[in-house]
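First residue of the sequence shown: 1, per the numbering used here; consecutive thereafter.
One or more of the hints may lead you astray.
[To be verified] Here are the simulated lysine-lysine pairs, DSS-like style, with alpha carbons at most 30 Å apart:
hint	residue 1	residue 2
1	Lys152	Lys176
2	Lys181	Lys152
3	Lys28	Lys98
Calculated directly from the structure, the hints in this document are not laboratory data.
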Amino acid sequence: QEVLTVRVTNSNTLCFSETQLRLITSEKPNINTPLDKYACDEGNGFSTFDLSNLETEIISNQNNLNVYYFDSSDNEITSLISSSYNNLQAWNETITVKVENAFSTMCFTETSFNLIVNELPEITIEENYFLCNLEPSLSISVNPNLNSWEWKYEDGTIISNSFQANLIEAGNYSLKISEIKNGIQCENVYEFELIRSVLPRIETVEFQELSN
Numbered sequence: 001q002e003v004l005t006v007r008v009t010n011s012n013t014l015c016f017s018e019t020q021l022r023l024i025t026s027e028k029p030n031i032n033t034p035l036d037k038y039a040c041d042e043g044n045g046f047s048t049f050d051l052s053n054l055e056t057e058i059i060s061n062q063n064n065l066n067v068y069y070f071d072s073s074d075n076e077i078t079s080l081i082s083s084s085y086n087n088l089q090a091w092n093e094t095i096t097v098k099v100e101n102a103f104s105t106m107c108f109t110e111t112s113f114n115l116i117v118n119e120l121p122e123i124t125i126e127e128n129y130f131l132c133n134l135e136p137s138l139s140i141s142v143n144p145n146l147n148s149w150e151w152k153y154e155d156g157t158i159i160s161n162s163f164q165a166n167l168i169e170a171g172n173y174s175l176k177i178s179e180i181k182n183g184i185q186c187e188n189v190y191e192f193e194l195i196r197s198v199l200p201r202i203e204t205v206e207f208q209e210l211s212n
């Protein structure tokens, strides 16, 4: 800082008065750039993000700083930042952070981070499968490159935890799959039915003599 003496003089009488002017230089805030945040798709590229610790991540334990947040259209969204923030732009949203010195708002630092929504893992599976009663089971396989599989019968029994399962009982089944991407695990559930075909039974045989 620097102190200047300011003198104001009356040009006619040469009378003057003095005061001091203190010049203080404020530094720009020193902040951290937040890591990008990831969440699983909850529908059409939108999801819920926990941003409750975002300010601590940016300024740590510093005081006398004002933190503001803006969406990709430069609208302030500071009041929306919480433990259940819903992204406003599908799949990928950039949030700009402005941190200003509370004593000198002209001194500020900006940074940004992204909110990224992971697509749910997908497989190809039929809604209905058919099995003749003469066959003991039906083997079904799906994508082996996922992280987990859980095949479950309608009574809650888990029949397999691999990418392949042998279906025996007729009824309704579900398959829950998961995939780890960008450091988080996203799940998807598929439901299908196994239908056992009953063998036909011959009740009568009608015949007639050979003819043209």
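Legend entry - Violations among the numbered hints, reported as their numbers in ascending order: none
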